[in-house]
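Novice: Listed below, chain by chain, are the residues.
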Amino acid sequence: MTPTELADLSRVLYSPVTLSLYLAAAFVYLYALTTTVGRREERERGMRARKVGLVLAVAGIGTHIAHEIVRGLAQERLPLGNMFEVTSLMALVGVLTGFIYMQVIRKRPELNGFVLLGGALVLASALLMYSEPGPLMPILDTWWRTFHVSLLVAAMGIFAAGFVFNSLYLLRDTGELAVARERERQLEGSTVGAASAGDLDVADETSGIGGRTIDRLDATVDDGRDHDAEYRAALRAGVSVPRLVIGTFLGTSLVSWVFVYSAATLAEGLTRFLTINLVMVAAALIARWFVPLLPPTATLDGIAHRTIAFAFVMWTVGTIAGAMWAEQSWGRFWGWDPKETGAFLTWVAYAGYLHARATKGVKGRGAAWIGVWSFVVLMGTYLIANYVIVGLHSYAGL
Amino acid sequence: MGWRWLVRMRTALMLLGVLALMTAVATVVPQEPNVPTTVRSWRLGEEGPGATVSAVLDWVGAFDVYGSPAFLALLLALFLSLTACLIPRIRAWIRLVRRSKPPVVKTVGGSDITASFQTDAAPADVHAAAAKLLGGRVWRIRRHDPEAEGGPLDASSGARSAPSQVAAEKGLWSREGGSLLFHLSFYVLLAAIVFGQLLTFEGQRGVVERDRGFADTAISYWNYQPGRWFSEADHAGWRLELDEFEIDWIRDPLAPGAGQPTTFRSTVTITPADGEPFQDVVEGNQPLTVDGFKIHQLDWGYAPRVEVEVDGQMVYDDLLTAVAADGGGFRSAVKAPAADPDVGLEVFFYPFAPDGDGGPSLTGAPWDEAPLLVVRQWRGDLQLGATQQTVNELDTSGLESEGGAFLRPGDEVVVEGVTIRFPELRRWVGFQVSSRPQIPWLLVGSALLVAGLIPALYAYRRRVWVMAVRPPGQQRTLVTVFGRAFQRPEKFEEEHGDLVTELIRMVGVPPDDTTDPDDRAPRSGADPAAAARDSATEVMPR
Ligand code: HEM
Chain Y
196 MTPTELADLS RVLYSPVTLS LYLAAAFVYL YALTTTVGRR EERERGMRAR KVGLVLAVAG
256 IGTHIAHEIV RGLAQERLPL GNMFEVTSLM ALVGVLTGFI YMQVIRKRPE LNGFVLLGGA
316 LVLASALLMY SEPGPLMPIL DTWWRTFHVS LLVAAMGIFA AGFVFNSLYL LRDTGELAVA
376 RERERQLEGS TVGAASAGDL DVADETSGIG GRTIDRLDAT VDDGRDHDAE YRAALRAGVS
436 VPRLVIGTFL GTSLVSWVFV YSAATLAEGL TRFLTINLVM VAAALIARWF VPLLPPTATL
496 DGIAHRTIAF AFVMWTVGTI AGAMWAEQSW GRFWGWDPKE TGAFLTWVAY AGYLHARATK
556 GVKGRGAAWI GVWSFVVLMG TYLIANYVIV GLHSYAGL
Chain R
5 MGWRWLVRMR TALMLLGVLA LMTAVATVVP QEPNVPTTVR SWRLGEEGPG ATVSAVLDWV
65 GAFDVYGSPA FLALLLALFL SLTACLIPRI RAWIRLVRRS KPPVVKTVGG SDITASFQTD
125 AAPADVHAAA AKLLGGRVWR IRRHDPEAEG GPLDASSGAR SAPSQVAAEK GLWSREGGSL
185 LFHLSFYVLL AAIVFGQLLT FEGQRGVVER DRGFADTAIS YWNYQPGRWF SEADHAGWRL
245 ELDEFEIDWI RDPLAPGAGQ PTTFRSTVTI TPADGEPFQD VVEGNQPLTV DGFKIHQLDW
305 GYAPRVEVEV DGQMVYDDLL TAVAADGGGF RSAVKAPAAD PDVGLEVFFY PFAPDGDGGP
365 SLTGAPWDEA PLLVVRQWRG DLQLGATQQT VNELDTSGLE SEGGAFLRPG DEVVVEGVTI
425 RFPELRRWVG FQVSSRPQIP WLLVGSALLV AGLIPALYAY RRRVWVMAVR PPGQQRTLVT
485 VFGRAFQRPE KFEEEHGDLV TELIRMVGVP PDDTTDPDDR APRSGADPAA AARDSATEVM
545 PR
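If you read the sequences in order, they're chains Y and R.
Going by my numbering, the first residue of the first sequence is number 196, and it counts up by one from there.
Going by my numbering, the first residue of the second sequence is number 5, and it counts up by one from there.
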């Protein structure tokens, strides 16, 4: 095949093929998650759906890898040279790591839907930065660079997975907090308050983080009501829609403004800005709907922590490799260039997350928020350093 | 404030937050050491948020965050806090490594993961097997056998009444030790950076092909940035001459990446201070090291030779080092104070300007297939020495314009009685020469940092107890294996299952045992995550 044909093939493999496979797998997995609280035949249907999701996800990862290979062949170099390629690889590593982690190591395949949904969002956002295959500036083309960039990009993907789980943790925790507060309010008003408060402590043994209950204390009361369903509804209702929508919109705006800044026309920029923000809001609302079906907060927190710790090591090694490359290419190992500053800032932010998790009074929600903000810092510095400030590191064919 | 404030983890977190904030400012606001021209236009209000905001930014030191007193103060506070935190941690860690013993327990704890099985082996044999198994996997073991020892061997209270058991723990000192190593590596890095600043040297110098080169001495650099402790005597005194500079591009305008350079290669001859000259190559990612000095290519340009003659007298004959300017041209200047009045030429060089319909057309391509020199002549007072001007800039404030001309290589033109020739075209390369004795120390610091980080995040503290009892009058021994992890409970669950399986393999289960040998997955006693809940800062009881 000619390079042009290869380039065309790589584009088709990327979108629509991989994108739709990821999305389809995400929705099949999410559907499977909805069946976990249903009746028996429903749960069996869910198990079958999981198998379909597995096939779709593996196929999507396969076509994504094929895309990277074909694109590499089309331009005769590793596809790590511009924003599109970097973002695409970030999605691939995030999906691959998250998927393997959930499927094989943690054995929680029911959470794959969120991994794939996040991957599909990153994949789609890379299309906003699409550029045709092409060669790399010779100054960029060394072994050190490949090592440095691949580590950092892989870490970005895994940080993205960590962001997904930190967000899910916060959503679930918000729901649980609201239920606990509601219950406390009810108990205060009731005549058996003191006795029930004792029950609360017992129940805490099996609950998630912190001193509150999530147990369905009155589930044994046989009054003909479906307490499980009521509890689930209460968890979901605990996450306020307006606050979630506004918060997600504003939070995303902290990063997506870059597209307004960098677009050719204001109209195009605003369209992109709104698209990204609304897609993120939609994703947040989907996640909210799934709050009652999520595993306990401690599990989500643990997954986020392990993911971020793994990526943090990669980020550290990758940044050191970058300094080595800079020493070789430019004769200075560190120059506070915007990208170097961005890498350092991200590192400090995630170090803050790791510290917060070990700090009394901050761990739990506080730490998760720092983790979420760290991802905003990561994406913000990545986009700002490429689109807004042009330094030594700027890529070819942006 | 004070020591207690410094030791708190919250303080460290806050300081890291401030560090992040200052770094964020440095990402968004241009930094003077990096982009002085951008900062100048911010100050003048030509770019950025305007002159007023810039004045405020200037006032708080935002244009040079990493050089500001506030940053120094923060660094100091960070290291003070780090030190305050590390001293007790190191003490505790040494105590831990030297004396820590896994505690003896009486029963399974509330949040322990536990599994049990029956065997024909005697309890003492099971305990021996467990000790061998755990010892082989480098657990720290403690065997407790009140009957065999019979006396108050153990000082810890209540231990005597505890049943026979093997207690073990692991990951105690590797996790904390890794964390300490990680944090201690900051001191190595800081020392390397500070001493590096003092001992380093960096200088830049442009060299034209096949022209006189330069020697490594303090005066021969165009820009010279020595550290405070770097003296002129530290120069090695070698000479560098540029034999050839090769550069090429993707010239096909339709090819992907059109116009990007593909080759940067300088062939140089080095003459060491006391040695034979030798030839070597400097490439984009391949610096040359001579006597501990690293030589990099920094930039490049064209070097047209220009001769200027006034009234039959040669007043200028030199190779210009024209620098890249906007629009694909290269800019330089000729300053000839030998003429009277002085002659100044503003020079623009266009490497690829083929003849078009109405004269040369400037394509902006950087390859020299149709070189064109555009000069504009000025006469008057060049004010050399009186005003600040660079080699490639002409201060025209004291001069009068006398018209201009186009020249191709080999051409000669006369502008208002001044003869200008363009006899040949060469290239020049800007070399950066640097000496950084801190690099090996930075590498050591980075290696320690990573070597500490991995166990700090991956090692996890856990304890396991193996209790084998044979109730009086019974044939079978009941073995219980239980324990908990203070971090990574999910990982421990796996390990626990593995230990149980392995122990069963060692001591054997009776064939008629009711437990299905394939189904020995440990039953978890409680939500394993609960164990991790408050483990991170919990002090291990001894
Ligand atoms: C201001 C001075 C600092 C103090 C007082 C401090 C203190 C601590 C302490 C007490 C821990 C142990 C937490 C635990 O028991 O798990 C820790 C862990 C850690 N620190 Fe620091 N630290 C400081 C600076 C830094 C800096 C500048 C970084 C890197 C940016 C950093 C990165 C880490 C990491 C990655 C961990 C591992 C977290 C974990 O074990 O889960 N620290 N720090």
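Hints were generated in silico from the structure; no laboratory data involved.
Quick caveat, the model's predicted, so the values are computed rather than measured.
Don't take each hint at face value.
[Said to hold, decoys possible] Think about it this way: if two alpha-carbon atoms lie no more than 25 Å apart in a straight line, the pair counts; the simulated PhoX-like pairs of lysine-lysine are:
id, chain 1, residue 1, chain 2, residue 2
1, R, K495, R, K136
2, R, K105, R, K495
3, Y, K302, R, K136
4, R, K136, Y, K555
[Stated by the list, open to error] Listing some non-contacts, in silico: residues in chain Y with all C-beta distances to chain R over 12 Å:
id, residue
5, G257
6, I300
7, T369
8, T460
9, A493
10, G526
11, D532
12, H550
13, A551
14, I565
Where is the CB? At the ideal position from N, CA and C, for every residue including glycine.
Novice: Now look at each hint and say whether the structure bears it out.
Specialist: Comparing the hints with the structure gives:
{"no.": "1", "hint": "R:K495 x R:K136", "verdict": "holds (22 Å)"}
{"no.": "2", "hint": "R:K105 x R:K495", "verdict": "holds (23 Å)"}
{"no.": "3", "hint": "Y:K302 x R:K136", "verdict": "violated (31 Å)"}
{"no.": "4", "hint": "R:K136 x Y:K555", "verdict": "violated (38 Å)"}
{"no.": "5", "hint": "G257", "verdict": "holds (27 Å)"}
{"no.": "6", "hint": "I300", "verdict": "violated (8 Å)"}
{"no.": "7", "hint": "T369", "verdict": "holds (19 Å)"}
{"no.": "8", "hint": "T460", "verdict": "holds (22 Å)"}
{"no.": "9", "hint": "A493", "verdict": "violated (3 Å)"}
{"no.": "10", "hint": "G526", "verdict": "violated (4 Å)"}
{"no.": "11", "hint": "D532", "verdict": "violated (6 Å)"}
{"no.": "12", "hint": "H550", "verdict": "violated (5 Å)"}
{"no.": "13", "hint": "A551", "verdict": "violated (6 Å)"}
{"no.": "14", "hint": "I565", "verdict": "violated (8 Å)"}
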